[in-house]
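Starting from the structure of chain A, add chains B, C and D where the hints point.
Keeping their order, the protein sequence lines are chains A, B, C and D. In terms of this note's numbering, the first sequence has 159 at position 159, counting the first letter as 1, and numbering is strictly consecutive. Here this note's numbering runs 257 ahead of the position in the second sequence, where the first position is 1. Here this note's numbering runs 514 ahead of the position in the third sequence, where the first position is 1. Here this note's numbering runs 787 ahead of the position in the fourth sequence, where the first position is 1.
It is possible that part of the hints are untrue.
The calculated EDC-like cross-link candidates involving lysine to aspartate or glutamate, where the alpha carbons are at most 16 Å apart (straight line), are [to be verified]: (1) LYS926/D / ASP650/C; (2) LYS582/C / GLU713/C; (3) LYS180/A / GLU141/A; (4) LYS883/D / ASP1035/D; (5) LYS412/B / ASP474/B; (6) LYS582/C / ASP650/C; (7) LYS610/C / GLU141/A; (8) LYS878/D / ASP375/B; (9) LYS878/D / GLU378/B; (10) LYS653/C / GLU790/D; (11) LYS605/C / ASP118/A; (12) LYS437/B / ASP353/B.
It is worth saying that the hints were derived from the structure and are not from the lab. No experiment lies behind these values; they were computed from the predicted model shown.
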Amino acid sequence: MSLEYSASEMMSVTAARALENGSTCFVGIGLPSEAANLARLTHAPDVVLIYESGTLQTKPNVLPLSIGDGELAETALTTVGVPEMFRYWLQGGKIDVGFLGTAQIDKYCNLNTTLIGDYREPKVRLPGGGGAPEIATNAGEVFITLRHSRRAFVKNVDFVTTLGFGRDGKGRDNVPNIGKGPTRVITDLCVMKPDPDTKELVVVSLHPGVTREEVMDATGWEVRFAERLESTPEPSENELTILRELKARTEQAHAGA
Amino acid sequence: MSLEYSASEMMSVTAARALENGSTCFVGIGLPSEAANLARLTHAPDVVLIYESGTLQTKPNVLPLSIGDGELAETALTTVGVPEMFRYWLQGGKIDVGFLGTAQIDKYCNLNTTLIGDYREPKVRLPGGGGAPEIATNAGEVFITLRHSRRAFVKNVDFVTTLGFGRDGKGRDNVPNIGKGPTRVITDLCVMKPDPDTKELVVVSLHPGVTREEVMDATGWEVRFAERLESTPEPSENELTILRELKARTEQAHAGA
Amino acid sequence: MAEFLSLHDAVARYVEDGATVAMEGFTHLIPFAAGHEVIRQQKRDLTLIRMTPDIIYDQLIGAGCARKVIFSWGGNPGVGSLHRLRDAVEKGWPHKVEILEHSHAAMACAFEAGAAGLPLAVFRGYIGSELPSVNDQIKFIECPFTGERLAAVPSVRPDVSIIHAQRADRQGNVLVEGIVGVQKEAVLAAKHSIVTVEEVVDDLDAHPNACVIPGWAISAVAVAEKGALPSYTHGYYGRSNRFYKEWDAIARDRDTFTQWLDENVYRTQESAQ
Amino acid sequence: MAEFLSLHDAVARYVEDGATVAMEGFTHLIPFAAGHEVIRQQKRDLTLIRMTPDIIYDQLIGAGCARKVIFSWGGNPGVGSLHRLRDAVEKGWPHKVEILEHSHAAMACAFEAGAAGLPLAVFRGYIGSELPSVNDQIKFIECPFTGERLAAVPSVRPDVSIIHAQRADRQGNVLVEGIVGVQKEAVLAAKHSIVTVEEVVDDLDAHPNACVIPGWAISAVAVAEKGALPSYTHGYYGRSNRFYKEWDAIARDRDTFTQWLDENVYRTQESAQ
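Chain A extracted, bound-state conformation (with noise of 0.2 Å):
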């Protein structure tokens, strides 16, 4: 059987497939904040989420607007003040998985969301790093979710905000207490995996429908492809009835006032 599903809905799904139940998730404002929400109301419901408002362990029942709703402090087991976010929680060593956006990636899975162009006289001036500089290097690992296209997937940050592997794939090494970096980024068109040895960014499966092409065209590099090139699983029916029930919810709750 074949289920009618969106790229954006595969994204989210395989996003969420990604968290192991009873991991504590840092999670991020946007993408993964609905994969990881996802996750925790399908196959993992005891997957641990973290935002960096201080809610510990929270479990909204629509998501988020911004990192700070009062569904997030409500649905909390506690809330801590940033500080205590940031030292205890995230440098403290107590998160295994950092799950990021960005706005450009490059093939070093660097990460960008300062600005595109020149820092002084930038084209366009992005929101900044707000956690994710040190969520990339203090979580155990990290996982990077957006949207495939060439403005994103570029051969060369502009800025590197966040560390991948470096401009030359090599940031991580022999840096003490730092964690695994990226380990996987999920768009609506395929699976990536930095490459053991060189950190480059390599697509381990691509989504059902989509070919090799298509990801060529919308990444800013001469992407590399797996030997063993997977194919990733379809969502499941329960898996989008969960998904499009939380964003009805969400949009729902987000019209009002």
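Chains B, C and D alone, transformed into the frame defined by chain A:
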């Protein structure tokens, strides 16, 4: 009218009077705690008492036996963690007066609560520094109260646990971000203050009925007296009544359980 | 000891032109009413510090109050850009604004260090990031015990911090509840502080370890009912997500923005939402 | 994820001979029941960390469990000396114990730094004190921004931390309320942690910013009713000030102490008070 009162009561009342209404006071356990609470129950109802156990603005009905008695938390405005207490409230510069006791004190007001004898082969091992080393340097000023005896008032302390003015009286000179240090010492015989220039402790006021000889006999160095030596005002009936009630309540409370 | 003042008088007394000002609230309890009062009083050349310059800073920047912004994430949460911030940085309208940019971890630690009276914060951060190349306030020190290289940033110590909270008692003690962000740190780190509250009550009704800021650690308390709208106040009212979304269109265009400011800030008194 | 174990099994599993152990509780919530279990299991060569070695450490030292004590104030609060600590330090009974001595500020910051995953704590301390001359773990660094000389100490990172708390829920999340001391920091700074609780409940009934330690940050939770006596548990029972006073006479004499230990610890099971 002359009232009957003990030397201890004279000391507590005099120490209490040193605290101004509305000031914030970091309170040591024992004699300082007795004096600070007497101040709060008499002339200084808005004195803010802070104990290192994290209890902010506390109003105990009976004197605590330990620095962290339940009474302190139950009557506090709020209770914070001990790291926050030392970082935000003490080191953060929110304390006007640190109120300390000590085992030994020398003529430059250095305090020893570590040990008698040699550090590696102590004759008497005392409890140690506790909060005092940083209370003495981070509070705006320091009051000290203890019983006057030759064992306590020594020419040179066996160990400088807590800075008064250093072994040469110059220990605070040119140190940035440091409080004024000890500004008065209240004993059961007299009040002493550091000489503005040399920082040597000078007797500025004798308690009623106490002679210079008694102070000299109880002090381990050739103690100086101020040119205008004052007579400490006697306790009032009200102060004595409140002090005695406080101590009676305390005794009763600690006898139980 | 906190003095009870009108919001007008508190801002007039403590926010001077050229001052370094932190208006905090981590997506919750954002002091919008106070920010609008700063705009109305046409304060100028402010150095504005805030982890998450939200639309309140967009408004302050667009109104011409800011000379410099120190921040770690400057966006409209869940919506997109801060167009007034971008217009100032990219095109210099209404005038050029200098930015100094950190990560959240750095700023959170810098607020903590400011509250702790320290000149610097030390943390494990900025590894591999290019932010240190564009922010000369980021340095590195070596741990004398392990030799590890750690990041160091100057602590945040504003001339004045402004926060919004649920309520004060009659002594000016303030309860902050829910997402507490760096508000307590902002107040304790600052020379002066203004706290706006929803209401003044006889008893804070706070639990033993509540986040309560004593009145003697605050300069002024001002009542500003719904003072956090369109942000929210836990236990009082919700966030106007709709307004955050609408702001995108308002702020995109200079004229629309100016008109909005006229109607919603300049022509209103302290009750502006 | 916290495992619910008996106190016996938790101590047997996590407290190894030679381990560095922090049993915390700042005059409140002192984990006496757990300390007695450590004595009963005759753990040896422990490095015991604690800001305020209270009579629980006096008992552990007298029972021969400690090789080294790291502390900042070692007394019987409001009563006087810890005679077993003194006997060990001054006369080497039952054997010589090494001490490493700090101030409270240093240890509080060192616990904070341990919880924060840092190798060191930086603070403004030890100015003019002679403690740095007898503790080679105290160093000084220079602030790269202001040039100020600041104290630095290694963070506390115990092999195992043991605390007592009011209650846990069925997922092992723990509520600590009242004087919270450095308990949370102790747990977060440690490789392993044991939390004893008065009871296990369905719902912690905690306010929004309560001090709750998530179950997944704890190794083992063990029920120990009245587990803090003669210390106290806010909301459950008061401090036995009388016992603290009585302890002075018990601990002064080696024989009296040994007999007390026999009767009140060795010959009892986990319910020892």
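Evaluated hints:
{"no.": "1", "hint": "LYS926/D / ASP650/C", "in the structure": "violated (27 Å)"}
{"no.": "2", "hint": "LYS582/C / GLU713/C", "in the structure": "violated (33 Å)"}
{"no.": "3", "hint": "LYS180/A / GLU141/A", "in the structure": "holds (5 Å)"}
{"no.": "4", "hint": "LYS883/D / ASP1035/D", "in the structure": "violated (21 Å)"}
{"no.": "5", "hint": "LYS412/B / ASP474/B", "in the structure": "holds (13 Å)"}
{"no.": "6", "hint": "LYS582/C / ASP650/C", "in the structure": "holds (15 Å)"}
{"no.": "7", "hint": "LYS610/C / GLU141/A", "in the structure": "violated (39 Å)"}
{"no.": "8", "hint": "LYS878/D / ASP375/B", "in the structure": "holds (14 Å)"}
{"no.": "9", "hint": "LYS878/D / GLU378/B", "in the structure": "holds (9 Å)"}
{"no.": "10", "hint": "LYS653/C / GLU790/D", "in the structure": "violated (42 Å)"}
{"no.": "11", "hint": "LYS605/C / ASP118/A", "in the structure": "holds (14 Å)"}
{"no.": "12", "hint": "LYS437/B / ASP353/B", "in the structure": "holds (10 Å)"}
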